[in-house]
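Visitor: Just so you know, the sequences run in chain order A and B.
The numbering of the first sequence is the numbering used here, which starts it at 19 and goes up by one.
The numbering of the second sequence is the numbering used here, which starts it at 6 and goes up by one.
The hints are simulated quantities; they were obtained by calculation from the structure and are not laboratory data.
Glycine included, C-beta positions come from ideal geometry on N, C-alpha and C.
Treat each hint with caution, since some may be false.
Unchecked claim - What the simulated footprint calls covered on chain B by chain A, stretch by stretch (three residues with Cβ under 8 angstroms from a Cβ of chain A suffice, anywhere in the stretch; the number is not a length):
1) 141-149
2) 161-173
Claimed, not checked - Result set (DSSO-like, lysine-lysine): computed pairs, CA atoms no more than 27 angstroms apart in a straight line:
3) Lys194(B) x Lys239(B)
4) Lys294(B) x Lys143(B)
5) Lys264(B) x Lys278(A)
6) Lys77(B) x Lys260(A)
7) Lys143(B) x Lys213(B)
8) Lys194(B) x Lys289(B)
9) Lys194(B) x Lys294(B)
10) Lys213(B) x Lys294(B)
11) Lys260(A) x Lys143(B)
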Amino acid sequence: MRGRAAESDSQSAGTVLITGMGGRFSGRLLRRLHRKHNVVGIGQRAQLGLPRDVEQHLVDPLRSAAREVFARSDVRAIVHLGVIHDSRRPSSHQDNLLTLERVLGYAEQFGIRKVVLLSSANTYGPRPENPQFLREDAPLLASGRFTGMRSLVEVDLFAQSYFWRRPDTEIVILRPAHVLGTVRNAPSNYLRLALVPTVLGFDPMLQAVHQDDLAQAIDLALAPGVRGIFNVAGPPPVPLSKALRVLGRRSVGIPYSLAKSGLTGLFQFGMTHFPAAELDFIRFVCMVDDGAARQTLGYAPTHDLRETLLAVDEERFP
Amino acid sequence: MKKPSALALLADVSRRSGLPIVDRVLEAARRRADELRLRVVGRDFDERVEWLRARYEAMGGDPFGLDPDVAKSAVTVLSFFHRLYFRTECFGLGNIPQGRALLVANHSGQIPIDGAILGTALFMDLDPPRVGRAMIEKWAVSLPFASTFFNKVGQVVGVPENARRLLEMGELLLIFPEGVRGISKPFQKRYQLQPFGSGFMRLAIETKTPVVPVAIVGAEEQYVNLGNLEGVAKLLGMPVLPVVPQIFLPGGQLPLPMKYRLHFGEPLHFGGDHLDDDKVINDKVWLVKQTIQDLLNRALSQRSGLFT
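Turn these sequences into a full structure, and let the hints guide you.
Guide: Structure follows, in structure tokens:
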């Protein structure tokens, strides 16, 4: 641990700014990074129970108040978590792109050399013809079958364009597999259901990563000199049925056509958060090869399969 | 005390003297079934399953979803066909390397029983047992149950990345380079290899994997195909529509009980550049094809009979 302490001394010069600070994952990340860095959060929702010296600014990144924060703090690196994943929010698509553009603009304006974007392995899309493990150079095809993913795919591609537009800025794009934990994302919510519906006759391999392992990957991505795209995965994948057994969930298999029409109906009446197109995530594989993150970042997940899965049942504040 | 009714009396008698008889009959039946199962799958079957389970658990589980329990049941059923129905005989099993290899075989018989029997043979007759991993069509992945079953018995989607990963894991890949051209060829073309695809050769060169030529004798006669109706198949949107009169006879839906013979040739090693022109690659493919044709011809001239 001494080596890490020494390392943190060298990194602590300058501030790490986190956008979208209000989320559950952001809270965990803020606490983790706070141990090593000076941390500032911006966003439209506050984070409760943070250490006192974590600065929080309730600002919309699209408004000029955000620029003030950037100007005042000596920001060394930005971790951009402020991406809206919910495609039902009106203008989420436009807002996501505008926000990223603005954040990258501030990076340029204030000479910030490092931007870490949290993208998602879901941008590759679950497809029957997917290889079992996708590498970073695989095309992002998620929006082909599910237009709700368009915004996330374009955010990823937009950040990629800065590799050549601003070669002196270190852009890191992280594409984690299904993030599990106390977070409120689709895979964790799905696994939290008391009776888990599956698609009859399908039992795809499920790849998950613990929320704290993802935080570790972001931490590592902040190291100077690191740039590029990295898939982030956790323990070796297991069939969905086995994951449900580990969690002790009961499941019910529903024929695809029935599940599709049922979800479409429920979704229209606002009775479910799962759009029917997301059924493909429990039919086909969408798993990633995280060899690059392990080699270049030195990333190694510390939570095994059991811990990763059971994390969805943990209390937010134990 | 109330006198017991006739019905209660009957129930009592049947429980005391009837049940033991039923039990004994059931027990005998179970023992017979167990004996038959042991005769079919062999005494060391459970050992083989455990050996495989340990192999994949050491890797942290098979990343493609191979499930030893499902594979075990599948092999138990297939071993009936392997041992009793087709009475498979293997030659040259020693030619299969311990590590990774591409097993390249002729494809025939209208439905891919040849692949299943080859896989069963690798599990039942090879020491230590291996799982033959074949590549399935992309469209099969969207079929419910079938796709799950294929994954659980170790079959994977046919994309080059998967093949490369399996070879890195030291697995045996089953390759049928003739594809549908081979499996649905009419009866008069039996044991004549159809044009080979060349993807396997690029893979073998790139990953420096030995190629083991395999000749499968017996499968080519299991369904007598008088010809393919190309026009009708096109109209129905099917890849191929063979005319197999035997399926209209009672019991003819099962394949004919030919004797299967699997001949494994010596491994071939290929060097060079996997991105070479088609012409260069095809020369190497031709070499493999000729080796398999030679194996087939020799096996055919040696075989004592179609069914024995």
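Visitor: If a hint holds in the structure, say so; if it does not, say that too.
Guide: Structure-based check of all given hints:
| no. | hint | verdict |
| --- | --- | --- |
| 1 | 141-149 | holds (count 6) |
| 2 | 161-173 | holds (count 7) |
| 3 | Lys194(B) x Lys239(B) | 22 angstroms, holds |
| 4 | Lys294(B) x Lys143(B) | 25 angstroms, holds |
| 5 | Lys264(B) x Lys278(A) | 47 angstroms, violated |
| 6 | Lys77(B) x Lys260(A) | 18 angstroms, holds |
| 7 | Lys143(B) x Lys213(B) | 26 angstroms, holds |
| 8 | Lys194(B) x Lys289(B) | 24 angstroms, holds |
| 9 | Lys194(B) x Lys294(B) | 16 angstroms, holds |
| 10 | Lys213(B) x Lys294(B) | 19 angstroms, holds |
| 11 | Lys260(A) x Lys143(B) | 24 angstroms, holds |
When held up to the earlier numbered hints, the structure conflicts with hint 5 and nothing else.
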